[in-house]
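Based on the sequences and whatever the hints tell you, model everything.
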Amino acid sequence: MNLDALFCLTYGIYVVSSRAGQRLGGLICNTVIQVTAEPPRLAVVMNRRHYTHELAGSAGRVSVAVLSEDAPLKFIGRFGFRSGRDFDKYADIAYGTLPSGCPYPRDFVLAAFDLAVERAVPVASHMLFVCLLEEALILGEGRPMTYAYYREVLRGKTPPTAPSYVSPAGSGKEQPPEGETGR
Amino acid sequence: MKKYKCEVCGYIYDPQQGDPDSNVAPGTAFEDLPDDWVCPVCGVGKEEFSPVAE
Ligand SMILES: [Zn+2]
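Protein sequence lines correspond, in order, to chains A and B. Residue numbering for the first sequence follows this note's numbering, starting at 1 and increasing by one per position. Residue numbering for the second sequence follows this note's numbering, starting at 1001 and increasing by one per position.
The set of hints was computed from the structure by calculation and includes no laboratory data. Source: prediction; values computed, not measured. Think of the CB as a built atom: it goes at the ideal place given N, C-alpha and C, for glycine as much as any other residue. Among these hints, one or two may not hold up.
Claimed, not checked - Here are the simulated DSS-like cross-link-like pairs (lysine-lysine), alpha carbons at most 27 Å apart as the crow flies:
(1) K74(A) / K1003(B)
(2) K1046(B) / K1003(B)
(3) K1046(B) / K1005(B)
(4) K1046(B) / K1002(B)
(5) K74(A) / K1002(B)
(6) K74(A) / K1005(B)
(7) K1046(B) / K74(A)
Stated by the list, open to error - To give a feel for the contact side, a few chain B residues facing chain A, derived at Cβ under 8 Å:
(8) V1008
(9) G1010
(10) V1038
(11) V1041
(12) C1042
Structure representation (structure tokens):
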């Protein structure tokens, strides 16, 4: 099995956020796709260890913000490489709020979606959220960032919790979800 | 030699360890890292690092 074949798949780069009460969280995600047109549904996949997963699970709502190519690594790193459990990612950046209450970053964002979780399907280490589109906004002009642009032009890195991560050993073995406390 | 922390992702550069993945030998001070060295975790440059208070 040649796991390099997986790098032929193309993706975008998104900030997926949620809110439960006063707690806000967001993460960088490459796995957002539209799955139906009438009515529009989106699928969002994230690691079950993430704080945003915890918020999304209790709120049943998530937002997706589409990043533009001018988003710097520093901005992406804020959402992608820290845990919302020990760092408030929305503390000192400009953000807007969708009707559901979910936040989205104001800067470096071309579009935002407000989503209601219709079904949450556990897939080993990850959760597949199938969501109904409740609101959609165009917020800027530019080119949406792709995963290839992030890796090749920005020289961005991929954390081990991402669905697209391939470990240096390249075993392709399934990793069980870690850090689950059974709550 | 001082340790330096990446303010974006929290990675700590420890001069005693260096950064073998980027061919930085153990014992290399942060100040002596090449200008194009980047955080091995998130990819930002040296300007995003600050010294860790001991
Ligand atoms: Zn870093």
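Cross-check of the supplied hints:
1. Distance restraint check for K74(A) and K1003(B): the Cα-Cα separation of roughly 20 Å lies within the 27 Å cut-off, and the hinted pair is therefore satisfied.
2. The straight-line distance between the Cα atoms of K1046(B) and K1003(B) is roughly 13 Å, inside the 27 Å bound, and the hint therefore holds.
3. With a C-alpha separation of about 10 Å, the suggested pair K1046(B) and K1005(B) falls inside the 27 Å cut-off, and the hint holds.
4. Distance restraint check for K1046(B) and K1002(B): the Cα-Cα separation of roughly 14 Å lies within the 27 Å cut-off, and the hinted pair is therefore satisfied.
5. The straight-line distance between the Cα atoms of K74(A) and K1002(B) is roughly 23 Å, inside the 27 Å bound, and the hint therefore holds.
6. A distance of roughly 14 Å separates the Cα atoms of K74(A) and K1005(B); the hinted pair therefore holds under the 27 Å criterion.
7. Between K1046(B) and K74(A), the direct Cα distance comes to roughly 12 Å. Compliance with the 27 Å bound is thereby established for this hinted pair.
8. A least Cβ separation of about 4 Å between V1008(B) and chain A falls short of the 8 Å threshold, and the interface hint therefore holds.
9. Hint on G1010(B) holds. Least Cβ distance to chain A is approximately 6 Å, under the 8 Å limit.
10. At about 7 Å, the closest approach between the beta carbon of V1038(B) and any beta carbon in chain A falls short of 8 Å, and the interface hint on this residue holds.
11. The criterion of a C-beta within 8 Å of any C-beta in chain A is met by V1041(B), whose closest approach is roughly 6 Å, and the hint holds.
12. Restraint check, C1042(B) versus chain A: the minimum CB separation of about 4 Å is within 8 Å; hint holds.
Checked against the numbered hints above, the structure breaks none of them.
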